[in-house]
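J.: Chain residues, written in single-letter form:
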Amino acid sequence: MTDRVGPPLWLLAELTYRCPLQCPYCSNPLDLQAGARELNTEEWLRILTEARELGAAQLGFSGGEPLVRQDLEDLVSHARGLGFYTNLITSGVGLSRERVSALKDAGLDHIQISFQSTDEELSELISGSGKAHAQKVAMARAVKEAGYPMVLNFVLHRHNIDQVPEIIALAESLSADYLELANTQYHGWALQNRDSLMPSRQQIEAAETAVNEWRQANPGGMKLFFVVPDYFEERPNPCMNGWGSMFLTVTPEGRALPCHSAAALPIDFPDLRTESVSQAWYESPGFNHYRGEDWMQEPCRQCPERDRDFGGCRCQAFALTGDAAAADPVCTLSPHRALIDEALIRAGSHRQRPPSPLLFRTLANSKDLIASSGGL
Amino acid sequence: MKPGEIPRLHPHLRFQWEPAQEAYVLLYPEGMVKLNGSAGEILAVCNGERSVAEIIGLLTEKFPEAPDIETDIIDFLVTAHTNQWLVSD
Ligand code: SF4
Ligand code: SF4
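Taken in sequence, the protein lines are chains A and B. When you line the first sequence up against my numbering, it's residues 1 to 376, in that order. When you line the second sequence up against my numbering, it's residues 1 to 89, in that order.
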């Protein structure tokens, strides 16, 4: 199997877990201190060079908030020189007009700004900052003026999904080129907050209708992406297009992962401080763990659909069933599908019960979680 | 497509040869399209200066054996405009 492995095509560089915001659906690991010993500039430059040599073409700088890295411009300019298409995935907090143009000069191709809501109040509730929303709007304008293609990203959940028509209107008024309506994926912090974040089926359907109506009325207009959350489907997503098939994530400390959630799996992943990107991608036991089909169990093992979804997400299988090689419980053929249905029933009945409090992504909450689990 | 039209790459896209994929690709925010051989060859000569007529002339000369090359080029240029890969004024 390993002899037919293709090169990594996408590299997600998680530069830091530091972030001024505290979104309760954050995709960072619960153990934020696992990012404390950040790679230095030289180490990142080497990793970018090696990944590009293998064939990676798309590069996302993310975090945490990647803007807190003062060497971001140097990393961008190196990456662009290597031929990467460079994406910056930011909350917009810490951005300024000066930095927007400095990054442009460094060769940055695209800036994606993530929003929490269309209004200040909800934005503050989710992100913990009362000033963030106005800052994001101002920076979206600056990004557009500087000539970048503009992508706005909204992570959707129960508290903001009813705003989809207003979200589309806001994106239009900012002349966005792309609008990503990304339903929360229930890993890490979002899984901790699942009962408080999961929308009801009616909410999803209303949002989808609003998206479709806008698309019909505006052919050739801004590109809208809306993906129904996997909990509401009968089959899992083809996670990462197959484990170790094209996606490579590098954590702030230099751990190479097949996806940004995989750090939670009980697997040893390669350390790029001591190994090359090529060794990590092609030779490490971590990356080869779930390549191919030999690891599969029933019902995936003989399933005719296994080359379409690869059995779904390993991280979701592990988080919900305790077995990372199980079928993704989203699949209605999985013996664990009841776990998903129970969560959906709770989401559908949320109007009858008091909302549970959100657990925010803060260093203090991270330490408490790690202490109470006896270390993850 | 009129013969005098001058197609150029949409300003938000990047077009480049990727040795690892042995193909031309289009890169855009968080996305990548791997182009088949003929699509790559056509886009490679859409430099924002050549007209449709010149593009057809150039490629017919380069690939004299290809049958119906003119129709194929025009079909592709139309699709590429619909996909907003190419724009012309
Ligand atoms: S999701 Fe929110 S808290 Fe997490 S890195 Fe992004 S902006 Fe920061
Ligand atoms: S049984 Fe496994 S392979 Fe088949 S559809 Fe479900 S998750 Fe996919």
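These are computed hints drawn from the structure, not numbers from a lab. Fair warning: there could be bad hints in the mix.
[To be verified] Quick look at which bits of chain A chain B covers, simulated, 3 or more residues with Cβ under 8 Å:
| # | segment |
| --- | --- |
| 1 | 51-62 |
| 2 | 80-91 |
| 3 | 108-120 |
[As the list claims (entries may be wrong)] Some chain A residues flagged as far from chain B (calculated, every beta-carbon gap over 12 Å):
| # | residue |
| --- | --- |
| 4 | Leu191 |
| 5 | Lys223 |
| 6 | Met246 |
| 7 | Ala264 |
| 8 | Leu320 |
| 9 | Ala324 |
| 10 | Phe360 |
In this text, all values refer to a predicted model and were calculated from it rather than measured experimentally. Glycine included, every Cβ here is placed at the ideal spot set by N, Cα and C.
J.: Now tell me if each hint is right for this structure.
T.: Against the structure, the hints come out as follows:
1. 51-62: holds (count 5)
2. 80-91: With 3 residues in contact (Cβ-Cβ under 8 Å with chain B), the coverage given for the segment 80-91 of chain A holds.
3. 108-120: holds (count 3)
4. Leu191: holds, 24 Å
5. Lys223: violated, 9 Å
6. Met246: Answer for A/Met246: violated, closest chain B Cβ roughly 10 Å.
7. Ala264: holds, 24 Å
8. Leu320: holds, 28 Å
9. Ala324: The assertion about A/Ala324 holds, with a minimum of 27 Å to chain B.
10. Phe360: holds, 27 Å
In the structure shown, a violation is registered for the earlier hints numbered 5, 6, in ascending order.
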